[in-house]
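Chemist: In order, the protein sequence lines correspond to chains A and B. Taking the numbering used here as reference, the numbering of the first sequence is continuous, increasing by one, and the terminal residue is 353. Taking the numbering used here as reference, the numbering of the second sequence is continuous, increasing by one, and the terminal residue is 689.
It is worth saying that the hints were derived from the structure and are not from the lab. Cβ coordinates follow ideal geometry from the N, Cα and C atoms, glycine included. Hints should not be assumed to be uniformly reliable.
Which bits of chain A does chain B cover? Going by a derived footprint, with three or more residues having C-beta under 8 angstroms, they are [what the hints assert, rightly or not]:
no., region
1, 47 to 61
2, 156 to 165
3, 242 to 252
The residues making up each chain are set out below.
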Amino acid sequence: MKIKSILRNISRHSMFFPITCLIIVLVINLIKTPTFFHVSINNGVLYGYIIDILNRASELVILAIGMTLVVACSGGTDISVGAVSAVAGAITIYLLVGPMSSGDYRMPYVLAILLGLLGAVLCGMFNGFLIARLKIQPMVATLILYTAGRGIAQVITQGFIIYVRKEEFKYLGNFIPGIPVPTPIIIATIVLILTNLLLKKTALGLYIQTVGVNRRAAKLVGLNSSLFIFLVYAFSGLCAGISGMIITSRVYSIDANNAGLNIELDAILAVAIGGNRLDGGKFSLAGSIVGAITIQALTTTLYAMKVTADQLPVYKAIVVVFIVVIQSSEFKRYIGKLLSRITKHGDRKQVEV
Amino acid sequence: MKGKKKIISLLLMSILTLVLWGCTSEPASKPGGDGKGKDNDLIVVGYAQVGAESDWRTANTVSFQETFVEENGYKLIFDDAQQKQENQIKAIRNFIQQDVDYIVLAPVVETGWETVLEEAKEAGIPVILSDRMIDVSDDSLYTAWVGGNFVKEGHDCVDWLAGYLEELGRADEEINIVTLQGTIGSSAQVGRTKGVEEKLPEHPNWNMLDKQTGEFTQSKGQEVMESFLKSYDDIDVVIAENDNMAFGAIDAIKAAGKDPGEDIIIIGFDAVKAAFEAMIAGDMNCSVECNPLHGPRVAEIIQKLEKGEEVEKTWYVDEGVFPASEAAKLIDSRPY
Numbered sequence: 001m002k003i004k005s006i007l008r009n010i011s012r013h014s015m016f017f018p019i020t021c022l023i024i025v026l027v028i029n030l031i032k033t034p035t036f037f038h039v040s041i042n043n044g045v046l047y048g049y050i051i052d053i054l055n056r057a058s059e060l061v062i063l064a065i066g067m068t069l070v071v072a073c074s075g076g077t078d079i080s081v082g083a084v085s086a087v088a089g090a091i092t093i094y095l096l097v098g099p100m101s102s103g104d105y106r107m108p109y110v111l112a113i114l115l116g117l118l119g120a121v122l123c124g125m126f127n128g129f130l131i132a133r134l135k136i137q138p139m140v141a142t143l144i145l146y147t148a149g150r151g152i153a154q155v156i157t158q159g160f161i162i163y164v165r166k167e168e169f170k171y172l173g174n175f176i177p178g179i180p181v182p183t184p185i186i187i188a189t190i191v192l193i194l195t196n197l198l199l200k201k202t203a204l205g206l207y208i209q210t211v212g213v214n215r216r217a218a219k220l221v222g223l224n225s226s227l228f229i230f231l232v233y234a235f236s237g238l239c240a241g242i243s244g245m246i247i248t249s250r251v252y253s254i255d256a257n258n259a260g261l262n263i264e265l266d267a268i269l270a271v272a273i274g275g276n277r278l279d280g281g282k283f284s285l286a287g288s289i290v291g292a293i294t295i296q297a298l299t300t301t302l303y304a305m306k307v308t309a310d311q312l313p314v315y316k317a318i319v320v321v322f323i324v325v326i327q328s329s330e331f332k333r334y335i336g337k338l339l340s341r342i343t344k345h346g347d348r349k350q351v352e353v
Numbered sequence: 354m355k356g357k358k359k360i361i362s363l364l365l366m367s368i369l370t371l372v373l374w375g376c377t378s379e380p381a382s383k384p385g386g387d388g389k390g391k392d393n394d395l396i397v398v399g400y401a402q403v404g405a406e407s408d409w410r411t412a413n414t415v416s417f418q419e420t421f422v423e424e425n426g427y428k429l430i431f432d433d434a435q436q437k438q439e440n441q442i443k444a445i446r447n448f449i450q451q452d453v454d455y456i457v458l459a460p461v462v463e464t465g466w467e468t469v470l471e472e473a474k475e476a477g478i479p480v481i482l483s484d485r486m487i488d489v490s491d492d493s494l495y496t497a498w499v500g501g502n503f504v505k506e507g508h509d510c511v512d513w514l515a516g517y518l519e520e521l522g523r524a525d526e527e528i529n530i531v532t533l534q535g536t537i538g539s540s541a542q543v544g545r546t547k548g549v550e551e552k553l554p555e556h557p558n559w560n561m562l563d564k565q566t567g568e569f570t571q572s573k574g575q576e577v578m579e580s581f582l583k584s585y586d587d588i589d590v591v592i593a594e595n596d597n598m599a600f601g602a603i604d605a606i607k608a609a610g611k612d613p614g615e616d617i618i619i620i621g622f623d624a625v626k627a628a629f630e631a632m633i634a635g636d637m638n639c640s641v642e643c644n645p646l647h648g649p650r651v652a653e654i655i656q657k658l659e660k661g662e663e664v665e666k667t668w669y670v671d672e673g674v675f676p677a678s679e680a681a682k683l684i685d686s687r688p689y
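Chain B on its own, in the form it takes in the complex (with noise of 0.2 angstroms):
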């Protein structure tokens, strides 16, 4: 009976280790084969993305896959990394051990970085960062961190605001505002509160009712908006921090028994397809983009360090506001 046990773990240890052999020699072989050799002269980037978990993280993912194509001189290595630091680390080292010659993050948090950019410095990788920003003491870790303004689009959002008041007549009325933040502390939250905050004062006749945190989902959103129009009965106009709260705000006001769009002015940030259409049914009157495309102005910097120049560490991309009069004419020309 003992020696039939001792076997039969003796048969399931060797299982093991040749599966865990198995698993560990895999990758090892890959730089090796096709790392070197036919794809010399391309430039190698890896990506370490933070996952799909949007519309707008899917609009990204395309924009790299896009440009770091063959025939512009690429190989792009991608890693989804479902949302989580520590498989974006392990990409990260995956990157190193591959040699490539540039790497791209998207990080997942702001915190914990310290230890795998030092490896990638080391090895003498440029680190690109892309979206949000990164807490690291040593500011030489990365290369150059490119993303949206999300102060100067709060301020977009502002001066857009005033102009369409303007066209209505209504510059000098009493405005009643209230905001839908996103995740309180949010590189995006905190952004655009600030760049509101910042232009409200040059606007005397604007009140800020009330601020309130949906969390940046449809369903919070309506469930805030539902108390606001309860707390307040003469809200001029709802700043969602993101389109998907602005949807939301749009169901609690029609189930309020006003027209939104008419009654109360809606305005959403990111500008993602649906605010198109949610602005081409009239329900909503502005979007202020947050541009995913983050793929040409990478090659930009990439094309820079190629020929040895200095770069700068921030780069922001091409943002426009987008009222509903032009929706209809650009919903087909969105890419997400």
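With the rest of the complex left out, here is chain A (with noise of 0.2 angstroms):
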């Protein structure tokens, strides 16, 4: 009877089924791939599959923690991040060296960061605005920075692919002396915790999930519902930024058309795979980290496994339906009445003994 309980609990659990995925698509690599798992210390940093997988998924992570938040409070999505990300890279890379690639800093280097995040937080208030204002619907209001923020991107920096010739740019999207764990992995991670902090600490994290579960009865106890939806896009503005400075640190130099390109959908999908409703209300944190990191352990796997590039989208997609479906709640409803059956058999069973 205790293991029965203990077992239901654990698949009730709103992070069972998210960490089942990712548990599975490692296993995967255990068995097709041995040396998956071997991490070690090459040329004074940390070096294995793993260590890639968490490092490649960081600017995922950080997008999808403020994708979270924007689809739990509005029940909407930003499809804006990863333009967002090539505005914030192309001014900060455009304030350091100029409109032609160079070793030379302009201005100072925190400055034109906290610049580009600056850039990044108006495009957020931008789409924020539209929505909790002039109560556009998200998809359609954060559509215009989607198509336009690679335009104002590619104005920024004249179309030109502008490369910073400084090693000190390199370090924030790969690695800084001295320190073994790859410098996204470390942003990520306070970018977690602050986070985390300021939704479990305040109440914030509780308002955000009243106005998403329902926007009107939360402005009846007294919360300005319009206020912390134009919060959360700011945020996720926030974040876009955050992942575009790792993005353009990671190849020191920005491609308006390429950089962040279709990380909002991986974003989204992140969110989704984690166990989220996409209409808004309770959310897990946790369960969209998990998600971000899966969907890069999948590339990893698929890399690993060397699986051909024309083959690649299919595989990917094969394995997102599968995730998707094993999280609805009518296949879970199926899993639930099958488990019972073959532990009520497995009781009947100890009684004839």
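Put the two chains together into one complex, using the hints given.
Modeler: Written out as structure tokens, the structure is:
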């Protein structure tokens, strides 16, 4: 009986399915590529597939944090994050080195980063204003920057790929000398911890959930729903800005066409895989993060398993369909029934013995 | 109250009509204004360019702008489509309306050109394609195509590698190669992959260990190379189907504690200026050119057509192979 109730409790936990998905992906790796979990220190830094996954998933984790709050609070998605990260990267690099590739900073590095982030927050506030004040549907409102954002970035860079030829600029997206952990992992962890503190130590998390569950009811109990919606979009802009900094630092350049291309879709997928409802309300940050890591684990897995490039999207699609199906409430109910039948069967056997 | 609303809506309507009228009348007045008259003896060329997505594209645009100048007897009408086919179709229709002498088109995509090219054909304006090909059932819809020979670039890459290995005295060694492919299905990816594969059987001691797409971007190139380095510890050569992915591979190799250019030979395509910088820094060994300077070739075709000569359908631009040893000498002469 005890095992049964524990089993049921585990399977009912909101994190059960996201984590199961990730474990399945990792176990497939263990069978197919035994060296997958091998981590070593190479050249003074951590080296291995697992590190790659966490490192490459960092931008996605940060975006997924912002996206989770957006989804929870407004019941909509922010599809402009990829373009906004390109805008932030373009602002920072343009301020640093100007329209031509160069190795000399024109202004202090930290100031350029802050101004880039400010640009991203302004983009987020623009989205928030359209959605919270003008009551435009989130998908439509963020579609504006989704299309226009790359145009803005292009105007800033004047259509060129601008390189920053300075070793220090690479630190944010690669390694800081002397620290074996890739910097993006550290940044993502910091963003996660700060967000979590903000949500858990204050009532902000609860408020966001309340607004997401029922906007009008929240208003009736005295919450300024519009303000919260405005704030989560501004926060999503900030997250996009931070990942924009990582993206540009990784390649020490800004490519307005390709920086963060299609990453908004992965961010939404991460939220969905994390077991969050896309129509708002209750949310789980941890779920979204597991979702983001699962997506990157999948990509890295397919590379390690030597799937050819033309088949890559097919495999991805199959796995995503699988993950989404096993998370659907209908499927869960079916599994629940199956489980209880099996355990009942087990009980009867025990009685017979 | 109701009356007030009506007046406002009437006002709005009239403003809207005025604005719309203004929009349509502006381009219409152009061909009458400066199309003929003083430019009568100039050859008017309309160029529907893809956009300005890369340095390569910008160099391509500049090549046209520098070739088709008034001193050479041309007037160039340039249109930047910002990577959208509908903008290009609109531009071609504008060119037809303005009755240009020639239309040059660098198509964004391969399909969907029949209708608009039919219109150009009816108007009697020859269409010359630049860079990418189009997929039409009737190839009389365009007069000629100018572009790089991607398959030959693949051949050049293998031939250079063979020569370089011989120089190093490694001609008979077992050589392990990995390829970072471009966006799957793009003509540059298809051509370069094919070119390399056609020539590989000539070198039985070479193994193609793995191929994976890096989608022509530096960050994906880096990500895929990281994975390759963990799967294989004896990679000798990286073929990156454009320079940007090669830069990503260089970073990944450095992060793995190996010396790109020494331990692992790196070959890129396109030969952009940044590749010359990488070669001078000793990180890259060779880049196979993809020449964006299409302007002079197109001018050559137009001159032939002006004389009433028949022209061939396919025109390749000249393309070179640039090894690291020549990089320092050539970098200042690179326009892009």
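Chemist: Against each hint, give a clear statement of whether it holds in the structure.
Modeler: Hints versus structure:
Counting residues of the region 47 to 61 of chain A whose CB lies closer than 8 angstroms to any CB of chain B gives 5, which reaches the minimum of 3, so the coverage claim holds. Interface restraint, the region 156 to 165 of chain A with chain B: holds (4 residues with C-beta to C-beta distance below 8 angstroms; minimum three). Three residues within the 8 angstroms Cβ limit are the bar, and the region 242 to 252 of chain A against chain B gives 3, so the coverage statement holds.
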